[in-house]
Each structure stands twice: as C-alpha cells, then as structure tokens.
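Enquirer: Generate the whole structure from the sequences, applying the supplied hints.
Protein sequences appear in the order of chains A and B. First residue of the first sequence: 1, per my numbering; consecutive thereafter. First residue of the second sequence: 1, per my numbering; consecutive thereafter.
Keep in mind that the hints were calculated from the coordinates and are not lab data. Fair warning: this is a prediction, and the values are worked out from it, not measured in the lab. One thing to keep in mind: the hints can contain errors.
[As the list claims (entries may be wrong)] To spell it out: a stretch of chain A is covered by chain B in this simulated footprint if at least three of its residues, at any positions, have a beta carbon under 8 Å from a beta carbon of chain B; those stretches are: (1) 147-155; (2) 166-173; (3) 176-183.
[Stated by the list, open to error] Pairs of lysine-lysine, PhoX-like flavour, derived with a Cα cap of 25 Å: (4) K141/B - K172/A; (5) K115/B - K141/B; (6) K35/B - K227/B; (7) K172/A - K115/B.
Each residue gets a CB set at the ideal place from its N, CA and C atoms; glycine is no exception.
As a plain string of letters, each chain reads:
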Amino acid sequence: MTQETTLAGRTLPFLYAGFFIVLVWQIVVVATEAHPSILPPPWNVAKAFAELLVSGEIFRHTGISLARVVSAWLLSAAIAIPLGLAMGRSVRLERLVDPLVELFRPISPLAWIPLAILWFGIGEAGKVFIVFIGTFFPMLLATVAGVKGIDPVLVHAGQVLGCGDRLTLFRKVILPASLPSIVVGLRIAFGTGWAAIIAAELVAARSGLGYLIANGMEILRADLVLVGMVVIGILGVCFDAFFRFLNRRLAWST
Amino acid sequence: MSESKTSLRAGKPITIDRVSKTYQSRSGAPVEALKPFSFEIAAGEFLVIVGPSGCGKSTLLYMLAGLGEPTAGTIRVGDETVTGPDIDRGMVFQSYALFPWLTVLGNVEFGLENKGVPRQERRELAMDYLLTVGLGDFADKHVAELSGGMKQRVAIARAFATEPSVILMDEPFGALDALTRRFLQRELLRIWREHRRTVVFITHSVPEAVVLADRIAVMTARPGELKSTIAVDLAHPRDTASDAFRDLEGRIYAELDEELARTFADEGRVSSG
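Expert: This is the structure:
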C-alpha cells in the first residue's frame, strides 16, 4: 500500500492544513489585537464548539441541514438521472430540453432564494426547492455526458448479443456504461447542494448550520459563526471522500 | 473446397441479393458506399473479405449483422431475411468491445443470459469456451487487467459461446502485434474447426486472408462491389513460405493493386480538376 491509499496518508495533509490555518489565525489575532466578538482566537472557538457538542446543538443543526440536502438531492436524482439517460439516447428530446437547461443553468441557486421565500415561506419546502435547483443541473449534465460518451461499439456488441428490446439494452449496457459518470454527477451535485443549503439557511431559517452562522452574527458571537464554518468545511471533505470511495468500488471506471 | 475432417457443419448460408448502400453525406449529397451486388456464402464456410480502405467492407459486415440497413436489396441468413441485430449472428470487433463493468466470465455469459440459459448451465458453458481460448484462469479478472490479445480471445469466446449460425469478424486482429496475430489466427482456425460456423472475416492483410480463408472475396474501390472470389485449396496448417501460398498472395495483391491504382487515378483527377 502506498502512502496515498492508507487512511493516515490521506488525512495527514488535512491535519497539516488545519494546523497551518490555526497558526495563521492565532498570529492575526495577536498582531491585530482583534476584539473577540469580531475575530475570536482559535481557543475560544474550540470552547464554543465543545459547548455545542455537549448541549447537542451542533448535532441538531447539522442533522437538519443534512436531511434537507439529502432529501432534495435524492428528489433531484430521481428526476435528473432518468431524464439524462433519455436525453443522452434521444437527439430529439435533447434538442427540446437543452435550451431550457442552458437558460436556467447560469442562474445561481442563490438567485432563487427570494422566490423560494415568496412561494414557500421559510418552511422546509423552500429549502428543498433551493437545493433541488442547485443539484439538478450538475446531475443532469453528467448523466447526459455519460450516455453520450458511451463507445458505440459497446452498444453494437450488446445488440448482437441479444439485447433485442430497448429496455434490455438500457438495463444491461447503457446504464452500467454511464454509471461512473452518473456517480461523478452525484458527487458534484452533493457539493453544490451542500453549499446551497447553507446559503438558504443564512437568509431564511430557524435551524440548520446556516442559521447557526446567521444567528451568531446577529448576537455578535463570531465564535459561533466560526464553529459553523469549520463544521461545514470538515463535513464537505468527508462527503467528498465518501463519494470517491463509492466511485472506486465501481472498479472498472479507472 | 477442402472438406476438413470435421463432420459437424453447423452454420447457415448467407445470401446477399442485389444489396447496395448509399449514405447521405453531411452536405446532403448522396454518397454511394456499395454498388448493387449479389453473393452467396456457404454454410460453415470461412470467407475472408479484402479490399482497399473505404471500399465498404465494414458497411457490408454491419449490414450482415443487422446493425445497418441496405438501401436496396436483401440479405438472408438461412431462410430468414435480416431485419435487425440477432443473437444468431455473433460479431467480433477490432476494438474488442468487451464490457468493462463485467468480469471475463461475465462477458462470455452476457449473450447466454440474454438467450435465457439458466445460471448454472451458462456458467459452465461460458467456462468451457474460456478454456477453449486458454483463459480459464482469468475467469474472475476484470477486462482492464488483460492484454489486447487476451481481450480478443475473450471476445472470440463470447461470440462462439452463444453458438450463432454466423460469426462476423471486423478486422479482429488489426490492432495486435504480428506475433500475437499469428497465434490468434491459428487459435481461431482451431476453434472454428471444433465449433463450425459460417465466418465472414474482414482484413487488410493479404497473408492473413490466405492463412484463414476457404474463399477470399476481393472488393473494388469505392463505391465497393464484389470484384472477384478466389478459392484457397490449401490444407491447414498452411505453410506461408510455400510456392502455392506465395502464388495466391501474389494474385490477390495484383487484384488489389488494380483497385488502388484506380483510386489514386480518381483522386488525382479530382484534385487537378
């Protein structure tokens, strides 16, 4: 096993990075004599983090944010993947849907937040809507690219080996052949969804990690703001690692 | 035609009846790929098609597979007219076309599963064919772990395993080095004798054609049609250094040279005009 493949080998660079950030942070605090409500020293943030751990608050906010992302992300996958598979195989459908995608894609999910509040208030539906917008396009585009990238000779091989009807061909050739690309889409979409939910919670929520940050700002508790940010960063890295692990299990994609 | 010791004559005859193919080019102008021509291939025959690049040999093979439709004319295999791809017509591709998400055994089982062969039986059948191509030890390996020559052996096992009447081979050894190629030619002949099928084999290599074929069909330059057929009445294994072998090679090169000269003459006229 090489250093990169062991758990220690992969987490070590992150530990170095964490140490470096804390070091610079402490230097800035000392050098600028910053007020703790503006830029608290790392130690204060660690204490705030410990408090939130003990009270369980951090788990509650994280769980709520995560539940919002996962549900919207699953909903998005349930629509984007079948649609992407169909678009990848049908030039007609692609011509029909592609202009819509191209028009909506440049609009950041954050730009939808005001409409989401108008339409859904500050309840769960609005959050799911925002994350749905943020996750839908990366998944759709990755799926379409996956299907269109299939070597035509594999499709021919499937056909001469008895995949007579379209459904069998889909199930036994098109789907497995485009799976690595679909998994990449799922991974990227989870990242954009995770970013979108925090933004949505900053603006309109009474729970979640984004709310923790926004609330920290309002009550002048910069330490809480920073705890929220640290948790977001660490979880983001963990999700990415999870999806990379999943991708490696599809051994053939390498 | 040299009737070998094999008594089993599985495979079906192929009738190509006034088949032609015209493409629509991107600019909309029709491009004639194949002129109308007719041709018969006997059951269990090993037919090799040679011709200049772009003469439409692959187009013809894809139409035999049912992966492309003739513009006019019909293709019959046995009594049935070809209307689309069918598991009764197997194919081996130059780029192997193995499914990378399946194991070696999984690839050979793929067609058998579609044929509805029960699990246990198809596993044994697929294993038999893997042993036939000498890859029994590689059953559980992934495709990416194999060399080009091994991949093509798996593809051959996969094509034979479904026991089709016809096996279509599109320059199957074109991407392999000379030694692997020689080895696989002999392997293919051995397998073909054990499991007699009608084989239509496309190649650019004249020596390969003479090593393998019962009969060689030479195609004209584009638009392609049948130029001539040459029976190869040499006993297997064929001695590539023998006079008879060299004579046949010479005849085929002469026919191809004629076509190449025509192609270049045409191109010269186009570029100067």
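Enquirer: Compare the structure with each hint and give your call.
Expert: Structure-based check of each hint:
1. 147-155: holds (count 3)
2. 166-173: Holds, because 3 residues of the region 166-173 of chain A bring their Cβ atoms closer than 8 Å to Cβ atoms of chain B.
3. 176-183: holds (count 3)
4. K141/B - K172/A: Holds. K141/B to K172/A sits at ~19 Å (cutoff 25 Å).
5. K115/B - K141/B: It holds: about 24 Å lies between the C-alpha atoms, which stays within 25 Å.
6. K35/B - K227/B: holds (11 Å)
7. K172/A - K115/B: holds (14 Å)
In summary, the structure agrees with every hint in the numbered list given earlier.
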